[in-house]
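Whole structure, please, built from the sequences with the hints as guidance.
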Amino acid sequence: MRVLRNFLRPGWIALAIVVIAFAVACFWVLAPWQLGKNSRTEHQNDLIKRAESSQPVPIGDLYQDGRPVEDAEWSRVSVTGRYLPDKQAVVRLRSIEGSPAYEVLTPFAAESGDTYLVNRGYVKPVQGTALPPITPPPSEQVALVARIRAAEGTSPGREPRTEAGATQVYSIDPEVLGRAVDVPLAAGYLQLTDDQPGGLGVIDLPQLDSGPYLSYGLQWLAFGVMAPLGLGYFVWSEVKQRRAAKTGAPIPKKPRERGRRTREALAASSTGSVVHSEARGPIGSGPTSAPDDKLSDRYGR
1 MRVLRNFLRP
11 GWIALAIVVI
21 AFAVACFWVL
31 APWQLGKNSR
41 TEHQNDLIKR
51 AESSQPVPIG
61 DLYQDGRPVE
71 DAEWSRVSVT
81 GRYLPDKQAV
91 VRLRSIEGSP
101 AYEVLTPFAA
111 ESGDTYLVNR
121 GYVKPVQGTA
131 LPPITPPPSE
141 QVALVARIRA
151 AEGTSPGREP
161 RTEAGATQVY
171 SIDPEVLGRA
181 VDVPLAAGYL
191 QLTDDQPGGL
201 GVIDLPQLDS
211 GPYLSYGLQW
221 LAFGVMAPLG
231 LGYFVWSEVK
241 QRRAAKTGAP
251 IPKKPRERGR
261 RTREALAASS
271 TGSVVHSEAR
281 GPIGSGPTSA
291 PDDKLSDRYG
301 R
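Numbering of the sequence shown is given in full-length UniProt numbering, commencing with residue 1 and proceeding in unit increments.
Because the hints were derived from the structure by calculation, they are not lab data. Misleading hints may appear alongside valid ones.
As the list claims (entries may be wrong) - Computed spacing ranges between beta-carbons, pair by pair:
| hint | residue 1 | residue 2 | range |
| --- | --- | --- | --- |
| 1 | Glu42 | Val202 | 19 to 29 Å |
| 2 | Ser155 | His43 | 31 to 41 Å |
| 3 | Val18 | Thr129 | 46 to 56 Å |
| 4 | Arg9 | Leu47 | 21 to 31 Å |
| 5 | Ala16 | Pro206 | 19 to 29 Å |
| 6 | Val18 | Asp194 | 25 to 35 Å |
| 7 | Gly128 | Glu70 | 40 to 50 Å |
| 8 | Ser237 | Lys49 | 51 to 61 Å |
Small disclaimer: the values here were computed from a predicted structure and weren't measured. Heads up, the beta-carbon is just placed ideally off N, CA and C, and yes, glycines get one too.
In structure tokens, the structure reads:
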């Protein structure tokens, strides 16, 4: 109990609280956060691989009640209909190969009666960040092949606005954009593939890279284990020192002190000299000899 009371001091209690809170955050917040990002990235990579190895299917096979079915993202679909260029919008603040760009969104009225939002690709500004002229889509009925993409959502304060004679948005959100252009749009959107009618600059598929999330998650788990172990080591060291002080036993020398004494002993053995002890008595307390005896020992009698 006396040992326990020694650790019921504010400093030790605060240290224990910090260590426990850090370990809890590692196991239940930080590690799951990184491991969850790794799982989502791996899932997206699997969807892209599956979509690349499959053929386009009619859009009705992957849409139900105006929404894409589960795990339909990145799948290629075919759809026939007409563009609605007067309802067109552009996405601001995009980057293509490190350069600023706009992505062009045009509603597409399908033969089935549904209207889908089509990302026709990108255009790059000619001067600064000014919106360049955009090639209009075909006016006749066309057949498209595109990839299903999930909506990005809209952040507060980032609603659509009209600028430079065009409706401009910060993200691709069919629900919000549909209200802005007064056209009900199906959920998600379609991203055109290569060589499609009305296509502009082709947006490439993302790289199949899992990222560092798995290693980060494992590191947080390791930190969560190391923190309590470190606290346990400090507690053990404190108890050991208190017991040594109570019994009067000498406290073990530090490794640095032991290393210094070992080096001195090795140096003495190699030169044949004597290692002097740290304990020194007062001046004149050591053995003495007469000067005659010293001279006779050196030069003979």
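Quick rundown of the hints versus the structure:
1. For the pair Glu42 and Val202, the beta carbons lie near 26 Å from each other, so the given range of 19 to 29 Å is met.
2. The hinted window of 31 to 41 Å between Ser155 and His43 is violated, with their beta carbons roughly 24 Å apart.
3. Against the hinted window of 46 to 56 Å, the Cβ-Cβ separation of Val18 and Thr129 comes to about 48 Å, which satisfies the hint.
4. The hint said 21 to 31 Å for the Cβ distance between Arg9 and Leu47, and at roughly 56 Å that hint is violated.
5. Between Ala16 and Pro206 the CB atoms are about 45 Å apart, so this pair departs from the stated range of 19 to 29 Å.
6. The hinted range of 25 to 35 Å is not satisfied by Val18 and Asp194, whose Cβ atoms lie roughly 56 Å apart.
7. In this structure the supplied range 40 to 50 Å holds for Gly128 paired with Glu70, their Cβ-Cβ distance being about 43 Å.
8. A beta carbon spacing of about 53 Å between Ser237 and Lys49 agrees with the range 51 to 61 Å that was offered as a hint.
Going through the hint list in order, the structure does not satisfy hints 2, 4, 5 and 6.
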